[in-house]
Structures are given as C-alpha cells and as structure tokens.
Amino acid sequence: MTPTPRSLPDSIDATLDLLAAADYLADRSLATVLFLALKMGRPLFLEGEAGVGKTEIAKVLSTTLGRHLIRLQCYEGLDVSTAVYEWNYAAQMIAIRVAEAEGAHDRERLEHDVFSERFLIKRPLLQALEPDPAGAPVLLIDELDRADEAFEAFLLEVLADFQVTIPELGTVKALRPPIVVITSNRTREIHDALKRRCLYHWVGYPIAERELKIVRAKVPDIGKTLSGQVVHFVQSLRKQDLFKAPGVAETLDWAAALAELDVVALDPSTVSDTLGVLLKYQDDIARIEGGKAKELIDEVRAELRAAE
Amino acid sequence: MDPFVSSAHQPLFAAEHVRGSDGAHARAERTAGRLAENIVHFARALRAAGIPVGPGAVMDALAAVEAAGVGTREDFYWTLHAVLVKRHEHSLIFDQAFRIFFRRRGLLDKLLAAMLPQAPAREEEKAPPGAQRIQEALLSSLREAERKPRELEADARLTVSDREVLQKKDFAQMTAAEIAAAKDAIKRLVLSLDEVKTRRLAPHRHGHLVDIRRTLRASLKAGGAVIDLKYLGPRSKSPPIVALLDISGSMSQYTRLFLHFLHAVTDARKRVHTFLFGTRLTNVTRALKAKDPDEALAAVGANVADWSGGTRIATSLHAFNKLWARRVLTEGAIVLLITDGLERDPDDRLAFEIDRLHRSCRRLIWLNPLLRFSGFEAKAKGIRTMVPHVDELRPIHNLDSMAQLVRALSPTGGRSGDPKAWLDKVA
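If you read the sequences in order, they're chains A and B. Using my numbering, read the first sequence as starting at 319 and increasing by one per residue. Using my numbering, read the second sequence as starting at 930 and increasing by one per residue.
Bear in mind the hints are in silico, worked out from the structure with no lab data behind them. A couple of the hints might just be wrong.
[Said to hold, decoys possible] With a Cα cut of at most 25 Å, we get these calculated SDA-like pairs of lysine to any residue:
#1 A/K513 to B/L991
#2 A/K557 to B/W1253
#3 A/K513 to B/M988
#4 B/K1159 to A/M411
[Claimed, not checked] According to the in silico footprint, chain A covers these stretches of chain B (three or more CB under 8 Å from chain A):
#5 987-994
#6 1012-1026
#7 1175-1186
Bear in mind that the values here come from a model prediction, so they are computed numbers and not experimental data. Cβ coordinates follow ideal geometry from the N, Cα and C atoms, glycine included.
Chain A extracted, bound-state conformation (with noise of 0.2 Å):
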C-alpha cells in the first residue's frame, strides 16, 4: 500500500474536518491539541482511560495524511535493541569469517565494513527518523506508562532533537521530524521532563450525544432505537461505582455484538448474556448482572421517552 500524502491541516476546523473524514469524531478541545501539535512539530502526548480512542487517533492520522504508521508498543524491559536498531550480529559473525578466509588482516577495514548500515536492523524508533517520500509518517509510542522509567529518559534525548546516535556509525538525525503521538494509561505517572516536550490532552469519555455519533458511524447497521439504549446504558453504567468503566472501545464491541444478535431493543437478559463485553471485571458484572441491569434499563428508557 503506497499512501498519497495530504498537506497538514490549517486551521482547527480543517483539523476536526480530517478526523471525522475517518470517522473520528473528536470534540474541539482534542482538534485545537492536535492541530498545535502538527503546526509546532511538537509530540502530542494523550493520557486517558483505556478504550477511549488514543490510539486511534494515530491510526487516523497516518490514513487520512497518507502517512506511514509506525508503531512502537512499550513493555516493561524495552530497550534499545528493540526499540531503535540493533546489528546482525549473525551477518556479522559470517562477514568476519569470510574476511579471514580471504586472507583479509586490515582490522580498522574490517571493524568498518562490519558496522556499516549494511549488517544494521532498524527499529520503530530509528525508522520514523528515516526519510520517506509519503512525508514525515506518524510514530505512535502506545502506552508509555508499560515501559519503565530508563527508557523514558531515552526517549528524552529521541524527542528532544529527533536524533539517535549509533556509536560505530554516528548521529541519524530526521531531516522532517515525524509526527508522535505518545499515549499512556496512566498506570503510573510519566517524569515532567518528558511532558514537557510534549503537548499534553486528556482523553476523557465522549457525552452521551457525540457516543451515539461515533456508534452510528462506526456500527451502521445498528438500529436507531438500540444505538440510543446503548449509549445511553454505558453512559449511566459509567456513573456507578466500578473498578473499571467502559470505553468507547466497549461500547462499539458491545454495539457490534448487539447488532450482531439482531436484537431490536435492549432487555434485562440480553443485558446479562453480553454483559462481559462491557465490564471486564467479575465484581462488577456481578453488581450489575440481573436486578441492577433492569433498573438501569427503565432508567434509560424513561429517559430517551422524555428526549422524544
């Protein structure tokens, strides 16, 4: 796939206009971040609970700019021959032995051919330095909270300047700078340092009526009746006191498996049968299951009846 590359959007309204071409509806406040973000070159840094759509956003962005997407996915133990580059040492080992063969004895020579970009893998990191035609691509560094604190003091230097040194082979600097779009889950705080660099936005939970949007665009062949129950459901479901509340992410599924049912309107059992797509908690399906579920479905209908 060769993406055709878009200019930047220039203005908030162009920025709001890109993502909802790719049906993601965002509200004002995360256009106004993103679009400082691409104007200033600057990384954006999206916190928020998970399923609510921060990864998304890279994955929009690279589709409707037409960049590449490159992703680096954080866990506790990334390191630098994961995340940036590391040398074949296989090719490696076997370049050395067919230089002996050959007779070959320069040793500054062979210590220089060997470390040469030729026998260099690349990694996510490294990569998004690289030049490509389709434009600087996106770089997406998912959940940063994964990874542990030494590495964040890495990427510190990477986004800084947007360069890598390479000991054996000196300094990669990116000639555009990609775009970078950092999440985290907020298990844990990220160091200031870091933040700093970055444009900052919390991801929160859309309100009800943007929800029933981005069901609607994203499950279209959901019912009018059930897409407003649904929402409306998870939406009161995110009021009560749970270890964990639903993202949009559980809500689409949730919407989808509905659709999927071919269920017309929600009810009390429906509910329960589906509840683990929702709530990924036993505690909290056993709060809701059953008698709390029915209560909360005449809520909602008595609300969508008085919205009529």
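Starting from the known structure of chain A, arrange chain B on it as the hints suggest.
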C-alpha cells in the same frame, strides 16, 4: 463544565479584527504586545496556583496562540490548555485560573488581599476544588513567611543504658524528651531495600544470556581471532513502598512517630507513597517530601481533615483500590498497612477490599501496634477478617520493632511474622 458562559468579549482578541490601514497595523501590534504580556501574567498566576509552568512553556504558549490564530474564546482556552497543562489534575486549576484571570486583570492582587489570614473564613460555601487550591497556594506562601525560626532543640543525647531502655519503650508511654530522642534514632535507621529483578538486562559476569554486541566488539579488538563470550543478566531494582497509615483516635499515640518513620524512609529513597486514612483517604506523599521532618509533618497536618476520628478501614481501602492501586502498585510494590484493625463497622466489604489489595501488590505487611501485648489475641472481627489476607503481621510500637521492620525490608531479611501464627493462637 463550560468555561465560556458569560463570556464578555475581550479587547484581548482585537488583534484579529484590526487589519488594513497603517494605523490599524500599529494598533494590532500594540494589542499583540498586550496579549503577550497577559499570557506572561497568566503563567505567573498558574505557577502561584501550583501548576509548574516554566519560561519555556510561556514561549510555547505565545507560539501556540500565534499558530492557532485564535478567533474564539474557546479556541484560546484550549490553545493555552494544550501548552500549559501537563497533568490531568491540573485541568481544574487551569480552568479556574482562566476564568478568574481573563474575566478581569489585576484580580490576582485582589485575591491575595482577600486571602489575608484575618479574612472571615467561609469554607462551607463549597467552592470548586480548583479554586480552593489556588487560594491555598496563595495562602501557603503567606504562611511560610510568617513562620518563626525554629527554636533550638534540647540536647537529646543519651547514655548507653538510656538508649537500651528507649529501644524497648512503647511509643505510647514516652515523655516529650524521649520522643525527641526516638525521632533522632528513627532518622538514623538505615533502610536498605529489598530488590526485585526487572526485565531489563545489564552486563553481568555470570549472566544467563550472551551479550553478542560486547562479545563481537571484544573479538574484533583481537582481530576476530578469539571469541571471548560476554554475558548479560537481569538488572535488579528496589520496589516502591506504599504506606497506608491509620490516623484514627485509637492510633493517635503512634501516628506522629510513624510519620517520622515514613518521612525518614521517604528521605532515603524516592519511590515511597504515603496515604493517611481515618474516615477517608488522603495522599500525603508530596507533603512528606519536604527535607525537614517538622516542616513535612506540618504540611501533612494541613492536608488532612480527619485526625483522631473514627476508622473506616473498608471505605478507605476501597478508595485506595479504586483510585490509586493501579497507579502506585507497580513493579512489585510492598504495601505497609499500619493500623490496629479496629474497624468501626466490620462487614463483608472489608474482606473484599483487603483481598483485592493483597492481590494487587507483591507483599502486604500489616504493622499493628496492638501486637505489643504479649497476650494479644486476634479477637476483634476486623482483625480476624484481615489477617488471612496479609503476608506478614508485625508489631510496631517501639524502636526495636521499627528496626526489625527495616531488617525485614532488606534484601537478606527473609520473611518472618507469619500472620497465621496469630490466628492459631486464638484457635
């Protein structure tokens, strides 16, 4: 919350509308200058309210406002928000500051004047949380200036036998002088911490993985003739400590010294989180970071509303599990739960919450000053509920027991204080 209700149009935004003639141009420049000045002042106000805004951020704000070509108040708001706010909890403060500041300039000075200590207290009006914090920020700098220089402390040196007595003496029975001496002793406790293996690797002489990179470089040095294997092994790291300290009435004789202990621990290493609970949970980690223990404790005191009240262990643990556990219990955290376990209204929730806490940390140590009584029996319902869910149950009522705890936390300390022993005693 919509920050844009009652938005009187500001001269601030006039720069957008005046363009064309030379006179208008000059006017526009003047307005832009005033906008810059306004932003600088606004940043200063935010800083006073506790949002860290450096000079770099101010420059960014100016650039951002220029880039966004601000038209409406809403866009202006989110533009500044994007650049100046770096933490979710600062959003509220920013919102308050924005409303106050851009409603009318010079308000900050008025606010300062209005906040003078003699002003009548009206706290029951339920001000929005952000506003309260801004006011507190302004107040605290006043208070600091007021604070008198500390008096010289009495000489608390003790003879050897005195010290022995002190080591064994119950905190609850100490005199003021002894407490001062105990504080000194606590300060000297050296905490060497338990270590957990991380997934990160480091060069290691007897590691389990071959470090090909180093191996290759070493062999190249010898012209590729010799291959001398270099190894990698896991790097270890001390886990964070999370302390949950009961400050209810029944614990009041101990809390102050425990706080000293926690302060000493916080001092020694960075990753310590401290929470206090009586009827509700308060995070005092930041307050305890002050270097001087008395200053730190004063800051803690200012933060907490429920000193020496009742205990709601289940409610407090619930709040901790829900709001904090996922953020602070990472990388094999050790939880120190310091309470006598005398729950006001023990029910099923207590078992549920303590179980959840136990499952989300690596090691749960319950420090109970009641264990000082040799005939202690886990009879109270709250205690019986909690004991099966903790990894260790230890006394903490004198300096000796504190020293034992420190030993238990060290890498070679091993584990003792099996909680089941206490249950068996009753059975």
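Going down the list of hints, with the structure as the test:
1. A/K513 to B/L991: holds, 18 Å
2. A/K557 to B/W1253: Measuring from Cα to Cα gives roughly 19 Å; hence the hint holds.
3. A/K513 to B/M988: Roughly 16 Å separates the two Cα atoms, so the pair holds.
4. B/K1159 to A/M411: holds, 15 Å
5. 987-994: holds (count 3)
6. 1012-1026: With 6 residues in contact (Cβ-Cβ under 8 Å with chain A), the coverage given for the region 1012-1026 of chain B holds.
7. 1175-1186: It is violated: at least three residues are needed, and the region 1175-1186 of chain B offers just 0 whose Cβ sits closer than 8 Å to chain A.
The structure fails hint 7 only (numbered hints given earlier).
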